[in-house]
Amino acid sequence: MLDRINLKGMHIAAIVAMAVVVVLTIAAELSEGLKNLLVLVAFHHWIAKSIIALVVFVGITWIMNKGDKGFIDKFDAEKWGKITAISAVLFATIIFIFYLLEFFS
Amino acid sequence: MVNPLIGIHAFFGEFAVFAFLWVFVEMFNPNEKSIERAKTAALLGVIFIFASWIVGGASYVFFYGPEVKPLIKAGPESWAHSIFMETKEHVFLFLPILSILALTTLRTFDEELIRNEKARIGLMILAGLIVLIGLSMAGMGFLISSGARSALEAGVGLGA
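From first to last, the protein sequence lines stand for chains A and B.
For the record, in the first sequence the residue sitting at position 8 is 8 according to the numbering used here, with numbers rising by one throughout.
For the record, in the second sequence the residue sitting at position 10 is 115 according to the numbering used here, with numbers rising by one throughout.
Next comes chain A alone, as it looks inside the complex (with noise of 0.2 Å):
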């Protein structure tokens, strides 16, 4: 399968699908009409909140691949790697900072 998919590409539409998910969360949280359209559109907020993330993910990664592939040897899957889960990780916490701040406040 060597040079069939962007990698970086696909770790591009991976972070933006999480930051998605983040700002949806937190969005939908602070806006009773965001939270009411996305249970008009998939019958359950979070239900709506999954399909995004995985329509983001699925329409990024096939949009960076559909130009230049780039190299596998050129690809540095340490540094993307890296990069990738620091984000998840900053994400999460964002997330759970604030339901933190949502429940003290």
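It is worth saying that the hints were derived from the structure and are not from the lab.
Fair warning: there could be bad hints in the mix.
Here are the simulated SDA-like cross-link-like pairs (lysine to any residue), alpha carbons at most 20 Å apart as the crow flies [as the list claims (entries may be wrong)]:
(1) A:K79 x B:N221
(2) A:K8 x A:I47
(3) A:K66 x A:I12
(4) B:K223 x A:G9
(5) B:K178 x B:G233
(6) A:K35 x B:P171
(7) B:K144 x B:P201
(8) B:K174 x A:E102
(9) A:K8 x A:M64
(10) B:K178 x A:M64
(11) A:K82 x B:F133
(12) B:K223 x A:K66
(13) A:K79 x B:G260
(14) A:K74 x B:K223
Estimated spans, in silico, between C-beta atoms of each pair [stated by the list, open to error]:
(15) A:L37 x B:F133: 45 to 51 Å
(16) A:I94 x B:R142: 23 to 29 Å
(17) A:L37 x B:E216: 46 to 52 Å
(18) A:F103 x B:R142: 42 to 48 Å
(19) B:N136 x A:L90: 46 to 52 Å
(20) B:N134 x A:L100: 37 to 43 Å
(21) B:V107 x A:L100: 23 to 29 Å
(22) B:T145 x A:F104: 18 to 24 Å
(23) B:V107 x A:V89: 27 to 33 Å
(24) B:E222 x A:A42: 39 to 45 Å
(25) B:G170 x A:L54: 17 to 23 Å
(26) B:T145 x A:G59: 50 to 56 Å
(27) B:I219 x A:L37: 47 to 53 Å
Short derived list, chain B residues pointing at chain A, Cβ under 10 Å [to be verified]:
(28) N134
(29) T145
(30) T192
(31) V196
(32) L203
(33) R212
(34) F214
(35) K223
(36) L228
(37) I230
(38) L231
(39) G262
Model, not experiment: these values are computed from the prediction.
C-beta: ideal position from N, C-alpha, C; glycine also.
Got chain A; can you put chain B on it based on the hints?
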């Protein structure tokens, strides 16, 4: 009896953690055979995470939301839902994405992983991250079920 969906959700989640732990271990000293085993483990991990996602989602929407959430929120440990369940249900959404990314990285580099140390470390970071997030899911699940148990011990819902 407790709804069996929550047990099935936890089963798939825990086996997904084991699968990616297996991928992580196979990358310490890879050869052709260990790469093949890691590919099987990563595929199983992705399947388990998606199964956990679907079963957990059904459990959350049809059982937890209408029955358990109000109980916890009325009990002495309402933070179990307000902080940990809310965090768990949203951070969980990272796992299907990260698992597909790990599987694709493994299948793309394939036997190149034997020679390419950076690719191996990149894959180990992703697999390790999935294991850590998965374990945090299990920990938060324990806190949430403790919240429900403390509500029942406090007699919440008995007078209704």
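Checklist entry - Can the restraint linking A:K35 and B:P171 be considered satisfied, given a maximum Cα separation of 20 Å? => result 17 Å, holds
Item to check | chain A contact restraint for B:L231 - C-beta distance below 10 Å | outcome: 6 Å, holds
Next on the checklist: Please check whether B:E222 and A:A42 have a Cβ separation lying inside 39 to 45 Å.
Outcome noted: 43 Å, holds
Item to check | Status of the B:T192 interface restraint (C-beta, 10 Å, chain A) | outcome: 5 Å, holds
Checklist entry - Hint check: is the beta carbon of B:K223 less than 10 Å from a beta carbon of chain A? => result Nearest chain A Cβ about 4 Å off; hint holds.
Checklist entry - Quick one: are B:V107 and A:V89 within 27 to 33 Å, going by C-beta? => result 32 Å, holds
Next on the checklist: Against the 20 Å threshold, does the CA-CA distance of B:K174 and A:E102 hold or violate the hint?
Outcome noted: Holds, at roughly 17 Å.
Checklist entry - Does B:I230 meet its interface restraint, that is, does its C-beta lie within less than 10 Å of any C-beta in chain A? => result Given a least distance of 4 Å, the restraint on B:I230 holds.
Item to check | Consistency of beta-carbon spacing, A:L90 to B:N136, with hint 46 to 52 Å | outcome: 35 Å, violated
Next on the checklist: Does A:I12 sit within 20 Å of A:K66, going by the straight-line distance between their CA atoms?
Outcome noted: 14 Å, holds
Checklist entry - Falls inside 18 to 24 Å, the C-beta gap from B:T145 to A:F104? => result 46 Å, violated
Next on the checklist: Would the hint linking B:K178 and B:G233 be met if the CA-CA limit is 20 Å?
Outcome noted: With a Cα-Cα distance of about 34 Å, the restraint between B:K178 and B:G233 is violated, given a limit of 20 Å.
Violated hints, in rising order: 2, 5, 10, 12, 13, 16, 19, 22, 26, 28, 29 and 39; the structure is consistent with all others.
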